[in-house]
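Note that the protein sequences, when read in sequence, are chains A and B. Quick note, the numbering used here runs 402 ahead of the 1-based positions in the first sequence. Quick note, the numbering used here runs 161 ahead of the 1-based positions in the second sequence.
Don't read these hints as lab results, they were simulated from the structure. Worth double-checking, as some hints may not be accurate.
What the hints assert, rightly or not - Lysine to any residue pairs mimicking SDA-like chemistry, simulated, CA-CA at most 25 Å apart:
{"no.": "1", "chain 1": "A", "residue 1": "473", "chain 2": "B", "residue 2": "274"}
{"no.": "2", "chain 1": "B", "residue 1": "375", "chain 2": "A", "residue 2": "478"}
{"no.": "3", "chain 1": "B", "residue 1": "177", "chain 2": "A", "residue 2": "738"}
{"no.": "4", "chain 1": "A", "residue 1": "594", "chain 2": "A", "residue 2": "478"}
{"no.": "5", "chain 1": "B", "residue 1": "428", "chain 2": "A", "residue 2": "628"}
{"no.": "6", "chain 1": "B", "residue 1": "414", "chain 2": "A", "residue 2": "513"}
{"no.": "7", "chain 1": "B", "residue 1": "480", "chain 2": "A", "residue 2": "832"}
{"no.": "8", "chain 1": "B", "residue 1": "375", "chain 2": "A", "residue 2": "705"}
{"no.": "9", "chain 1": "B", "residue 1": "346", "chain 2": "B", "residue 2": "274"}
{"no.": "10", "chain 1": "B", "residue 1": "280", "chain 2": "A", "residue 2": "685"}
{"no.": "11", "chain 1": "A", "residue 1": "795", "chain 2": "B", "residue 2": "427"}
{"no.": "12", "chain 1": "A", "residue 1": "607", "chain 2": "A", "residue 2": "592"}
{"no.": "13", "chain 1": "B", "residue 1": "480", "chain 2": "B", "residue 2": "168"}
{"no.": "14", "chain 1": "B", "residue 1": "167", "chain 2": "B", "residue 2": "556"}
{"no.": "15", "chain 1": "A", "residue 1": "594", "chain 2": "A", "residue 2": "710"}
{"no.": "16", "chain 1": "A", "residue 1": "563", "chain 2": "B", "residue 2": "228"}
{"no.": "17", "chain 1": "B", "residue 1": "414", "chain 2": "A", "residue 2": "508"}
{"no.": "18", "chain 1": "A", "residue 1": "473", "chain 2": "B", "residue 2": "271"}
{"no.": "19", "chain 1": "B", "residue 1": "346", "chain 2": "B", "residue 2": "322"}
{"no.": "20", "chain 1": "A", "residue 1": "594", "chain 2": "A", "residue 2": "786"}
{"no.": "21", "chain 1": "A", "residue 1": "473", "chain 2": "B", "residue 2": "371"}
{"no.": "22", "chain 1": "A", "residue 1": "607", "chain 2": "B", "residue 2": "208"}
{"no.": "23", "chain 1": "B", "residue 1": "428", "chain 2": "A", "residue 2": "567"}
{"no.": "24", "chain 1": "A", "residue 1": "607", "chain 2": "A", "residue 2": "456"}
{"no.": "25", "chain 1": "B", "residue 1": "167", "chain 2": "B", "residue 2": "560"}
{"no.": "26", "chain 1": "B", "residue 1": "414", "chain 2": "B", "residue 2": "236"}
{"no.": "27", "chain 1": "A", "residue 1": "680", "chain 2": "A", "residue 2": "478"}
Here the structure is a predicted model, which means the values were calculated and not measured.
Each chain is listed here by its residues.
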Amino acid sequence: MFAYYFQLGLRSLRRNPALTALMVMAIGFGVAASMTTYSVFRAVSGNPIPDKSEQLFTPLVDNWGPQQNYKGEPPDALDYVDAMALMRAHEAKRQTLLYQVQMSVMPGGGRDLPLSANGYAVYGDFFPMFEVPFQYGSGWSTQDDDARSAEVVISSQLNQKLFGGVDSVGRTVNFSGHDYRVVGVTRPWNPKPRFFDLFNTSGFKDASDFYMPFTRAQDLEMRSNGGNSCRGSLTFTGWEDYLQSNCVWITAWVELDSAAAVARYRHFLESYAADQQKAGRFAWAPNVRLRDVMQWLDFRQVVPPESRISLMVALGFFVICLVNTIGLLLAKFLRRAGEIGVRRALGASRREIYTQYLTEAATVGLAGGVLGLLLTAAGVAGVGVLFPPQIAKLAHLDASLVGLTLLVAVVATVLAAFYPAWRAAHVQPAWQLKSN
Amino acid sequence: MSIQIKPILVALRRHKAGTLLIALQIALTLAIVCNALFIIHQRLANLSERSGVDEANVFVIQNQWAADWTTQQIDAQVRADLLALRQLPSVRDAAPSTGYPLQGGGWDNFVTMTPDQVKPTTDSAVYMGDEHLLDTLGLRLIAGRNFRPSEVLVMGTQQVVIPPVVIVSKALADRLFPDGSALGKSFYAMSATPSTIVGIVDRLHRQGVSQFDKAHAGQSLIWPARPDDARGIFYIVRAKPGQLTAAMREAPKALYAQSRMRILDPKDGIRDYAQIRHRVFDSDRGMAILMGIISAVLLAITAAGIVGLTSFWVGQRRKQIGVRRALGATRHDILNYFLTENLMIGLGGVIVGAVLAIGVNLWMVTRFEMDRISVAYLGIGVAVLLLLGQGAVLAPALRASRVSPVEATRSV
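In isolation and in its complexed conformation, chain A is listed as follows (with noise of 0.2 Å):
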């Protein structure tokens, strides 16, 4: 019954070709515009770590006080002396500081000419807390932070591009002047949206090339080659005076693995910021935030408005294209009504009818559905024109969203079609066979 059904809406369909065409053509656009928006949202909206997620949090405090923060709450990343304090007190599980770092990488080999090396001072946690896959070797141990180690491990692209790709642990590369071991190499890790550093990113970037041991950068006065954000007037003249001073520059990450061991660091930071206020360095109450990585990423507005904006915009426009869809399934039905209701007198139930049309929408649908992946796969293609490209290049056509595209184009129009549909299996037979 249901191929026969089939059949016939094919049929009805070839009978009004323009009414036709616009109705797909309606379902399709509206579920491209959809669909193409959807792929940028879904991928610059994702949770990049899904399984720690609610372990890792990032802990802030107000170094800067009520008339100096913006809208009260405290800096988006910590001065050097919090940082280092909240080092010391180890008060969680694993925890690390970590800020951007820029190197040169001597000429050797086959280049003539330096190359540049972006990566980050952090400490050992740092690879176990946040996941990071290796290829060769390993990170480094808390001793071998204590040690301020000359250590470091590369990316994969990096070792291809030094090492030709070959197990570099143990092999020494010079960074800007200074030689450095190799303990680990990664495997290509570029986490989307880049959650452990939204102060000096937005969260989309290239992957990093290096990861050095935090204290190593300290005894070398290396300087954030990111964000660095001060308040009141500047005065320092040397690293040791920057050290000592309110500009915020380093992120701070901590792994608690219960609500409990959550509830005691809170507690810590507030008596941490308690303590600076009762010691005068604080001339305010306690005001600390512990954020874990989805609150982390939504209070950085890691989603850009123009990516929620162009999906509101797109749903809107599915919504007016399936109204449009309404009005012509309705003037389609009804038209055939005289033909309704010779089946109706013929004995066919108003089920019969209902399902009838409701396969000749899902048909449209289909078609409407086969339509838009078409204008979903250019959209997708072409959504360089329309993001920029960090955030452009993450977009993709799937498997999931092939499937999500032709489900939605014909849930959406069988949905439409409820209520044509309803309409015509109440017509009634006596008048159309009465006015005949």
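Once you have looked at the hints, place chain B on chain A.
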């Protein structure tokens, strides 16, 4: 015409569903198109923001140092580099800088009128450069003077250097001294010592284009210092008219000839202002294009939908039309009937749509820090949709007007 309104209303009551669907579609289309047009307007306004720079001839070199040099060594290298750049036949002038307009974010300082004022008066973008920076960027000095070579200080990596003199943009001067008396006055930009305004330039865009930058639009200052930071430096170069391409080709060669211990990113280490603009306004341009496409397709689909439904109605009412024609209605009357009917549905739609449009805009204002929509956009949207409806209904209405009175006599 007025006589026709009542029969139209009666007829519409018999087509409630269709009427409501068209009205709803017009309402939703108006809500989206108004806001989309408004977004396009705003984004295009961003795109056309003027920087104050001689954009046709200026390019920027991002230079990262590849050696572990002292401030003195870096300063010597910077001087040598600049000399080499300025001697190129295609180059008019070159200057060192900490950043450049439309860079996409950079250094800014709060500004206070006294050293111990806690709440800042405003915020200013900060550029550091030498006495060549004004000419290199092509800025127009409207009051005071340029820096003297002797005023140019040296700023090492971890130092705060607050020069005693400063050149400000007119926007900053007006913000700090609204009475126009800025020249010769001084202020504090997160410093313990004051900087005295010696010059005012007509326009100098900030590095960023964010909401924060918009709130402090055009407020910039230039301090005279060579930024000898170990991490790197920007060289701004102004080519002689028409020689931009040649200058961009020759400049890196000249720098490498000075020293190879530097990194000029092959991908975007050297960019002219066309590229700089393209990059910084990426998302604005994208939004404008997307909203444009959606508006156009939306209007087309709404028009097509009106054509479809009206055609259906005309088909349904052929007999009644025939009767009316037989009873003496002219073709013109029939045409008028359908046009008026559409106009009434359209009016209902745009009234609801206008409310919706304002609602959507208010929601976006709170959610995305957008501006309030102006009434002009609403007016344009209403006019466009009413005209669109009349245009769309014209073909089916003409077909209706051609229905022959004979149809009334046919039984089928």
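Now the hints, each set against the structure:
no. : hint          : result
1   : 473/A / 274/B : 22 Å, holds
2   : 375/B / 478/A : 21 Å, holds
3   : 177/B / 738/A : 19 Å, holds
4   : 594/A / 478/A : 19 Å, holds
5   : 428/B / 628/A : 20 Å, holds
6   : 414/B / 513/A : 17 Å, holds
7   : 480/B / 832/A : 20 Å, holds
8   : 375/B / 705/A : 20 Å, holds
9   : 346/B / 274/B : 10 Å, holds
10  : 280/B / 685/A : 16 Å, holds
11  : 795/A / 427/B : 21 Å, holds
12  : 607/A / 592/A : 8 Å, holds
13  : 480/B / 168/B : 16 Å, holds
14  : 167/B / 556/B : 24 Å, holds
15  : 594/A / 710/A : 17 Å, holds
16  : 563/A / 228/B : 20 Å, holds
17  : 414/B / 508/A : 19 Å, holds
18  : 473/A / 271/B : 16 Å, holds
19  : 346/B / 322/B : 20 Å, holds
20  : 594/A / 786/A : 18 Å, holds
21  : 473/A / 371/B : 18 Å, holds
22  : 607/A / 208/B : 24 Å, holds
23  : 428/B / 567/A : 23 Å, holds
24  : 607/A / 456/A : 23 Å, holds
25  : 167/B / 560/B : 23 Å, holds
26  : 414/B / 236/B : 20 Å, holds
27  : 680/A / 478/A : 23 Å, holds
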